[in-house]
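**Q** Chain residues, written in single-letter form:
Number of protein chains: 2
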Amino acid sequence: MSTDPTRLSRLPIVQAPMAGAGGPALAAAVTGAGGLGFLAAGYRSADALAADIAELRALIGAAPFGVNVFMPHHTATPAEQERLRRYARSLARAATRYGGTVGTPAPGAERDDWDAKLALLLAHPVPVVGFTFGLPDAAAIAALKAAGTLTVATVTSPAEARLAADLGVDALCVQGAEAGGHQGTFDNPDDPAPYGLLTLLALIAPETDLPLIAAGGIMTGRQIEAVRIAGASAAQLGTAFLRCPESVASAAHKAALADPAFEHSVLTRAFSGRWARGLRNGFVARHEAEVPGVYPYVHHLVSPIRKAAAERGEPDGLALWAGQGWRLARAEPAADVITRLVDEMAAARKAHA
Amino acid sequence: MSTDPTRLSRLPIVQAPMAGAGGPALAAAVTGAGGLGFLAAGYRSADALAADIAELRALIGAAPFGVNVFMPHHTATPAEQERLRRYARSLARAATRYGGTVGTPAPGAERDDWDAKLALLLAHPVPVVGFTFGLPDAAAIAALKAAGTLTVATVTSPAEARLAADLGVDALCVQGAEAGGHQGTFDNPDDPAPYGLLTLLALIAPETDLPLIAAGGIMTGRQIEAVRIAGASAAQLGTAFLRCPESVASAAHKAALADPAFEHSVLTRAFSGRWARGLRNGFVARHEAEVPGVYPYVHHLVSPIRKAAAERGEPDGLALWAGQGWRLARAEPAADVITRLVDEMAAARKAHA
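Sequence order for the protein chains is A and B.
Residue 511 in our numbering sits at position 189 of the first sequence, and the numbers go up by one each step.
Residue 496 in our numbering sits at position 174 of the second sequence, and the numbers go up by one each step.
It should be emphasised that the hints constitute simulated quantities derived from the structure, not laboratory data.
Since the model is a prediction, treat every value here as computed from it, not as a measurement.
Quick reminder that beta carbons are idealized off the backbone N, C-alpha and C, glycines included.
Watch out, some of these pointers could steer you wrong.
[Unchecked claim] Pulled from the structure, derived: some chain A residues nowhere near chain B, Cβ distances all over 10 Å:
1) Ile-375
2) Gly-539
3) Arg-544
4) Glu-547
5) Gly-553
[As the list claims (entries may be wrong)] Residues on chain B that point at chain A, a partial pick, calculated with CB under 8 Å:
6) Tyr-517
7) Gly-538
8) Ala-670
9) Lys-672
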């Protein structure tokens, strides 16, 4: 039996999990259209994840899907806590602006309910589990394998790819700097130097036989064929699905993706304390210079403010996650996105032959 | 007759001009092997360029080649001059470290001898002229066309691509963030948001029928086939040729490219006042926070220090230009690089068919 997660689906198209924008409806639509749907477990409790999985299974039966988990982080040091308190004071003004409040990280927030989620995924195995922000220990990988689950590690550099391959995961999700949302980088440097996707594939592909899932800015069938010829087995797309009716991104977020007033996407830590790509808006401009790189506490401080801004339809206060190709995202059902991608892939192969 | 500069050579391989590392020997080797060699006119006088062209023609006869010109900039404002003086005082310490001196920009340095170079290229036409850091006026384009020269504009965003296409250039060099050396961005923002190559191609290709030359991090034949399937007519490679014997990069620069101690490439303005990608070394670490974005004066301040560091074999004081794929650069003749690329291209097409 193949241990290649990109062989589980008919098409070489993987849906990016997108915490806060994906969900069972989108994953079901992508899997239903022949791709590999993914649920985002990040920022969700094990109980909420269990409910998502049940909902997805009710929609797709025995068809394949994946669950992406955020790896736990260290507890904030006293110095980091002081920097968080300063950021919280500054955020109070932003909260007032949108009628929200500054959040309070729950005790243990840095674990993101990892232990309970792993227990859930071992007790009720799913076809694929992906990891973001690092790697679990070898025992977790062995347990998932024994449960019949294929594992995928998100990597953003050749060094991370080597660590993941040495651990024995079944595939690598090779994420370029173009990607929307969080960079899956293992550490959290103040001065990141992320690789562009095509170069990252060129550096990693010769070093491993593992299947590679290429991620970052992919919006077209031409790009999917490009990453395949560059060594990937499949392409992962997130922003391409953000405006779909099945996406649970807020209406204000979806509208911003189609608004020509937004001109740049940038990597910022302003929303979570980790680098993530979104449209540059007022929140980013006001806060990116002062935000401490202390994940995930910053997310929990900011989260209620984002929610209040979304309810008011104020894109200026939202995390407008977007990959660099966001202008090509369309408001159409996920199945239509995939039909178009498949047509574009065929045309690209024909033109190149 | 075709106006597609990528049809002038047998292979879809263009050599990046690389001011300070390219030159007649490298351009001749690339053109001789079936690619399109390029001379860098940036930072050189019109007389020096004329000598380079004569030397190249003596080596390749009537075979095709290009000349890349840096576009002129505005004269530094009084406020910019004050910032330059401050930077010069800080650089004095760096100069001492390497036994060099801080340079003095010559009057008119911001023009980079543009008018004389344009006059030269009109009086003694060359097959291709490329532009970096913006666009000339319509009269210059018309005059070059009348002289039988094909023109290429370097662009780093869809907006720049539209401006270049509207001006009537014959091709676009689409440069991604992965590229080594200078980003050709028209303006010089304090907070750049450069696109990854594959996404940039996806955004620009549907908007124009102009031939696209893809640049940025390309080191392998697989990548060349990838950018072709993504819409490019040819690929431009610079770092892939940096360690060649025909490259005039300093010995210390060539050695640094093979030194595992260098772990990251970064975009920095420390060496010229414009964003350019090189290996992160001591000079970058010490100066990037203070450098004013006042091109090209910063280049002329720093240039003698770099020269002194090169003579001492001190990579810590050099501009170690490198694209993100630098670890794949090999110390072999340019013709061997091209033979390998062609083999890899054939293998990639075969594997993908």
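**Q** All the hints need checking, so say for each whether the structure fits it.
**A** Hint by hint, here is what the structure shows:
1. Ile-375: holds, 32 Å
2. Gly-539: violated, 3 Å
3. Arg-544: violated, 5 Å
4. Glu-547: violated, 5 Å
5. Gly-553: Violated: least Cβ distance 6 Å, not greater than 10 Å.
6. Tyr-517: holds, 5 Å
7. Gly-538: Where the cut-off is 8 Å and the nearest Cβ of chain A is about 7 Å from Gly-538/B, the hint holds.
8. Ala-670: With Cβ-Cβ at 5 Å, under 8 Å, it holds.
9. Lys-672: Result: violated, 11 Å to nearest chain A Cβ.
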